[in-house]
Amino acid sequence: MALKSTTLENCPWGALVHLALFHDVTNAAFLHSQLLARNPEYEYAFIDASAIFSELQLLSAAYRAINAAATSALQTPNVHSEVILSLSPNNNIADAYRRWGISPKTTSLIVIKIIFHDSPSFPGPQPSAPEVWSTISRLVSGTPVDPFSDAAVRRETDWATVRKYYKLNGVPALQAIADDAARQQKMEQLAIMGMALRGL
Amino acid sequence: MPDSQGRRIALGCEGSANKLGIGIIAHDASGAAHVLSNVRHTFVSPPGTGFLPKDTAHHHRAFFVRVAKQALRDAGIAVSALDCICFTRGPGMGGPLTSVAVGARTLSLLWGKPLVGVNHCVGHIEMGRAITGAANPVVLYVSGGNTQVIAYAEQRYRIFGETLDIAVGNCLDRFARTLEISNDPAPGYNIEQLAKQGGRVLLDLPYAVKGMDCSFSGILGRADELAALMRTGGKGPDGEDFTPADLCFTLQETIFAMLVEITERAMAHVGSNQVLIVGGVGCNERLQDMMGKMAAERGGSVYATDERFCIDNGIMIAHAGLLAYETGFETALEESTCTQRFRTDEVFVKWRN
Amino acid sequence: MAATPAAASEPQFPLPSILNNPASAPPLLIAQGAEGRLYKTTYLVPDLACAVKYRPPKPYRHPVLDVRLTKARLSSEAKVLDRCARDGVPVPALYAIDAAGGWMALEWIDGPPVRQGINDWLGARPETDTTHADEQVDQTPLVDLMRRIGTVMGALHRTGVVHGDLTTSNMMLRPWKDGQGQNEGGEGTVLDGDVVLIDFGLATQSQSDEDRAVDLYVLERAFASTHPRAEAYFEYVLKAYGKTFKKAPSVLVKLADVRMRGRKRSMLG
Numbered sequence: 337m338a339l340k341s342t343t344l345e346n347c348p349w350g351a352l353v354h355l356a357l358f359h360d361v362t363n364a365a366f367l368h369s370q371l372l373a374r375n376p377e378y379e380y381a382f383i384d385a386s387a388i389f390s391e392l393q394l395l396s397a398a399y400r401a402i403n404a405a406a407t408s409a410l411q412t413p414n415v416h417s418e419v420i421l422s423l424s425p426n427n428n429i430a431d432a433y434r435r436w437g438i439s440p441k442t443t444s445l446i447v448i449k450i451i452f453h454d455s456p457s458f459p460g461p462q463p464s465a466p467e468v469w470s471t472i473s474r475l476v477s478g479t480p481v482d483p484f485s486d487a488a489v490r491r492e493t494d495w496a497t498v499r500k501y502y503k504l505n506g507v508p509a510l511q512a513i514a515d516d517a518a519r520q521q522k523m524e525q526l527a528i529m530g531m532a533l534r535g536l
Numbered sequence: 532m533p534d535s536q537g538r539r540i541a542l543g544c545e546g547s548a549n550k551l552g553i554g555i556i557a558h559d560a561s562g563a564a565h566v567l568s569n570v571r572h573t574f575v576s577p578p579g580t581g582f583l584p585k586d587t588a589h590h591h592r593a594f595f596v597r598v599a600k601q602a603l604r605d606a607g608i609a610v611s612a613l614d615c616i617c618f619t620r621g622p623g624m625g626g627p628l629t630s631v632a633v634g635a636r637t638l639s640l641l642w643g644k645p646l647v648g649v650n651h652c653v654g655h656i657e658m659g660r661a662i663t664g665a666a667n668p669v670v671l672y673v674s675g676g677n678t679q680v681i682a683y684a685e686q687r688y689r690i691f692g693e694t695l696d697i698a699v700g701n702c703l704d705r706f707a708r709t710l711e712i713s714n715d716p717a718p719g720y721n722i723e724q725l726a727k728q729g730g731r732v733l734l735d736l737p738y739a740v741k742g743m744d745c746s747f748s749g750i751l752g753r754a755d756e757l758a759a760l761m762r763t764g765g766k767g768p769d770g771e772d773f774t775p776a777d778l779c780f781t782l783q784e785t786i787f788a789m790l791v792e793i794t795e796r797a798m799a800h801v802g803s804n805q806v807l808i809v810g811g812v813g814c815n816e817r818l819q820d821m822m823g824k825m826a827a828e829r830g831g832s833v834y835a836t837d838e839r840f841c842i843d844n845g846i847m848i849a850h851a852g853l854l855a856y857e858t859g860f861e862t863a864l865e866e867s868t869c870t871q872r873f874r875t876d877e878v879f880v881k882w883r884n
Numbered sequence: 008m009a010a011t012p013a014a015a016s017e018p019q020f021p022l023p024s025i026l027n028n029p030a031s032a033p034p035l036l037i038a039q040g041a042e043g044r045l046y047k048t049t050y051l052v053p054d055l056a057c058a059v060k061y062r063p064p065k066p067y068r069h070p071v072l073d074v075r076l077t078k079a080r081l082s083s084e085a086k087v088l089d090r091c092a093r094d095g096v097p098v099p100a101l102y103a104i105d106a107a108g109g110w111m112a113l114e115w116i117d118g119p120p121v122r123q124g125i126n127d128w129l130g131a132r133p134e135t136d137t138t139h140a141d142e143q144v145d146q147t148p149l150v151d152l153m154r155r156i157g158t159v160m161g162a163l164h165r166t167g168v169v170h171g172d173l174t175t176s177n178m179m180l181r182p183w184k185d186g187q188g189q190n191e192g193g194e195g196t197v198l199d200g201d202v203v204l205i206d207f208g209l210a211t212q213s214q215s216d217e218d219r220a221v222d223l224y225v226l227e228r229a230f231a232s233t234h235p236r237a238e239a240y241f242e243y244v245l246k247a248y249g250k251t252f253k254k255a256p257s258v259l260v261k262l263a264d265v266r267m268r269g270r271k272r273s274m275l276g
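Protein chains in written order, with the numbering used here: chain A, 337 to 536; chain B, 532 to 884; chain C, 8 to 276.
These aren't lab readings, by the way, just hints derived from the structure by calculation.
Keep in mind that this is a model prediction, so the values were computed, not measured.
Each residue gets a CB set at the ideal place from its N, CA and C atoms; glycine is no exception.
Accuracy of the hints is not assured; some may be wrong.
[As the list claims (entries may be wrong)] DSBU-like, lysine-lysine: derived pairs with alpha carbons at most 35 Å apart: (1) C:Lys253 / B:Lys741; (2) A:Lys503 / C:Lys250; (3) A:Lys340 / C:Lys86; (4) A:Lys500 / C:Lys184; (5) B:Lys727 / B:Lys824; (6) C:Lys250 / B:Lys727; (7) A:Lys500 / C:Lys47; (8) C:Lys78 / A:Lys503; (9) C:Lys253 / A:Lys503; (10) B:Lys741 / C:Lys184; (11) B:Lys727 / C:Lys86.
[As the list claims (entries may be wrong)] To list a few chain C residues with every Cβ distance to chain B over 10 Å, as calculated: (12) Pro29; (13) Glu42; (14) Ala56; (15) His69; (16) Val71; (17) Gly130; (18) Asp201; (19) Leu209; (20) Ala231; (21) Glu238; (22) Lys250; (23) Thr251; (24) Lys254; (25) Arg266; (26) Met267.
Sequences are here, hints too, so could you generate the full structure?
So, in structure tokens, the structure goes:
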């Protein structure tokens with residue numbers, strides 16, 4: 337199954353985070369329109385893969401969104417739109433949707449679905465991982481990457497976009513590092529820090 | 532010399548601010564302190580004004596003999612029973628300190644008793660320890676002239692934190708003047724009573740803590756501005772009118788939170804869970820209550836004294852002076868000067884381990 | 008000294024609500040100060056260790072004031088860390104923060120505090136009186152560490168931050184990766200590692216010579232009281248600081264003033 341399902345450490349509401357990556361997506365325009373129409377059948381975090389550089393980045397955004405939901409601090413309609421906002425280092429919601437959300441031109445797509453298994457707001461039985469996967473694979477027209485992995489996510493990364501979105505150009509900490517791998521590691525750390533700092 | 536019951540007896544004279552106090556203490560053979568008398572007369576200035584050094588000095592001179600006689604009468608002892616005459620060397624206001632020192636020197640010469648100069652702050656600390664039984668507390672000393680967080684180490688009362696500008700009591704006194712609250716019995720007491728009627732809203736005041744130090748002048752300035760705003764019909768953060776009571780409540784909540792915070796930091800630093808509050812502001816029940824909550828959370832407790840001992844008094848000078856005297860300390864007549872600045876940590880505390 | 012409270016009477020602190028959620032291992036209380044508590048736990052995945060810093064509500068404080076202060080302080084600390092991280096000052100990365108909840112999650116820095124490194128180094132050389140920079144014992148690793156500390160301090164101040172509570176307990180020695188050892192000859196010592204500054208709870212953004220000098224003075228005092236046998240080596244910290252930081256000369260002049268004042272105040276701690 338191309339769906340990766342994971343719990344998070346110290347995570348409220350018994351959240352299970354489901355992640356999937358698709359190539360060659362052909363119905364991005366349709367998915368985008370369903371989000372704009374607020375069709376509840378399409379309540380997923382549909383993420384354009386180009387400004388995503390790691391699984392940890394995705395999980396960080398998911399964790400922040402889950403904590404916001406659990407502490408009644410959502411700034412967007414639901415936990416999935418909050419995941420998109422949580423990828424951004426600034427509080428402009430429209431900006432976050434445009435940069436990290438799906439666009440009609442998206443071809444590489446990351447889908448996140450968060451299911452709460454222990455939440456007063458979501459009582460009763462919740463869909464299982466196979467059920468989640470069957471719905472996602474029905475909604476998205478594209479080639480699932482199997483298995484979902486950090487390496488697969490990294491193959492889609494457009495680093496110029498990442499640097500621009502997370503304001504990492506001309507940062508002294510990065511300029512000081514000669515080693516490419518170490519510099520990229522620092523870059524990822526600063527980007528995730530930028531996400532955490534949003535709104536302070 | 533100890534008397535037939537093994538007691539030593541001292542008379543103490545205090546007048547570093549607007550209270551003239553003379554008290555007599557006895558230390559029994561076991562070292563326990565017994566208050567024989569504790570007489571005080573306060574110079575109260577009209578609302579809207581503070582006490583000036585010249586007027587206060589005059590008050591102390593005018594009342595010294597009366598208060599001293601009363602203290603002797605209350606104690607029911609003969610002059611011959613006294614071992615020494617203790618007086619406040621400082622810190623405090625120059626004129627009032629000098630008036631009382633002159634009185635103490637006169638008694639010393641008249642009765643042929645040795646003089647013992649005492650640090651006012653150490654007087655507060657030792658009296659607080661004696662009355663409450665707190666063995667080795669972190670001490671918050673808060674009065675009109677002083678704001679210090681103190682802990683004992685190696686023969687000195689070390690100052691861990693203090694105000695960087697005005698004293699907390701001075702801040703309260705001056706705000707009482709802004710609101711033209713009565714100075715009788717004390718401006719701080721009247722602010723405390725008024726604050727009990729406030730609390731509907733917490734207004735926004737600066738919060739000025741830096742490490743274990745704090746400052747109050749910015750807070751006073753902002754409180755004065757809010758008082759002016761109130762008089763011109765300004766609204767609080769909830770869009771409603773606010774009252775002098777709300778202002779007093781806010782001021783107390785803010786500055787006491789600062790005091791408790793720096794005290795807690797010092798307690799964490801030295802690993803103590805006892806705290807002793809001394810000085811005139813230490814009478815404030817809200818401050819005691821807040822300090823108690825903090826101490827309880829640390830598994831300890833707060834020790835405080837009532838107005839007889841936390842407000843400036845002669846007995847604490849007698850007590851601290853007698854402790855020093857018992858270790859062989861005396862102040863020669865020619866060295867019995869006063870000083871407006873006299874830091875707590877300058878005193879060599881020979882009587883403690 | 009007053010009797011220290013028995014272990015049984017130590018208050019049991021409630022966990023911040025975020026740490027009541029399931030995790031692969033229970034959170035470990037690492038430190039408990041006046042400001043708050045530090046837990047070691049995991050972030051997102053079981054193999055990513057993190058430090059959770061929690062500022063619990065203070066029951067003595069008016070709730071409005073309490074929320075205001077907790078938020079402001081966490082937020083200020085996070086911003087200082089961001090500023091340092093982007094300017095290349097070695098500090099823990101920030102993973103997550105919930106100012107209203109009173110907590111933040113930080114990168115867990117492996118390695119011992121500098122304090123322990125120096126004590127271990129000195130402890131292994133009990134015969135050495137290092138107070139006069141004994142020439143006969145090779146103190147190169149200690150001198151190197153002092154220089155690394157000075158370099159980090161210079162970088163910190165250059166970025167416009169003063170730490171506010173510098174001690175050798177608030178500096179970690181993050182182990183070098185294989186082959187990164189900067190010592191000639193290859194043999195590792197207990198003083199190896201990158202100096203990483205931690206605990207910015209009292210840090211402020213400031214460019215003033217006075218604040219910077221006080222920052223150095225606090226470290227100097229802490230160093231002297233914690234490592235009296237190595238006091239003579241503190242000068243290497245200041246020398247490296249001087250080389251790293253362009254504005255160091257005026258700070259060091261101010262430091263002399265601050266030392267004078269400090270003696271006058273004769274404070275402890």
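Here is what the structure says about each hint:
1. C:Lys253 / B:Lys741: holds (27 Å)
2. A:Lys503 / C:Lys250: Cα-Cα ~30 Å, so holds.
3. A:Lys340 / C:Lys86: holds (34 Å)
4. A:Lys500 / C:Lys184: Judged against 35 Å, a Cα distance of about 30 Å means the pair holds.
5. B:Lys727 / B:Lys824: OK: lysine 727 of chain B and lysine 824 of chain B at ~18 Å, within 35 Å.
6. C:Lys250 / B:Lys727: violated (58 Å)
7. A:Lys500 / C:Lys47: Between lysine 500 of chain A and lysine 47 of chain C the Cα gap is close to 33 Å, so the pair holds against 35 Å.
8. C:Lys78 / A:Lys503: Distance of about 25 Å is within 35 Å: holds.
9. C:Lys253 / A:Lys503: Holds, at about 27 Å.
10. B:Lys741 / C:Lys184: With Cα atoms ~38 Å apart, lysine 741 of chain B and lysine 184 of chain C exceed 35 Å; violated.
11. B:Lys727 / C:Lys86: violated (38 Å)
12. Pro29: With a cut-off of 10 Å, proline 29 of chain C remains clear of chain B, as the shortest Cβ separation is near 28 Å.
13. Glu42: violated (8 Å)
14. Ala56: At about 25 Å from chain B, alanine 56 of chain C clears the 10 Å cut-off, so the statement holds.
15. His69: Not fine: 5 Å to the nearest Cβ puts histidine 69 of chain C too close to chain B.
16. Val71: Nearest chain B Cβ is 4 Å from valine 71 of chain C, so the label is violated.
17. Gly130: At roughly 23 Å from the nearest Cβ of chain B, glycine 130 of chain C sits farther out than 10 Å, so the non-interface label holds.
18. Asp201: holds (27 Å)
19. Leu209: Contrary to the label, leucine 209 of chain C does not stay out of reach of chain B, its closest Cβ about 6 Å off (not over 10 Å).
20. Ala231: Correct as stated: the minimum Cβ-Cβ distance to chain B is 16 Å, above 10 Å.
21. Glu238: holds (19 Å)
22. Lys250: holds (29 Å)
23. Thr251: Given a closest Cβ separation of 25 Å, the condition holds.
24. Lys254: holds (22 Å)
25. Arg266: Check passes; 17 Å lies beyond 10 Å.
26. Met267: holds (16 Å)
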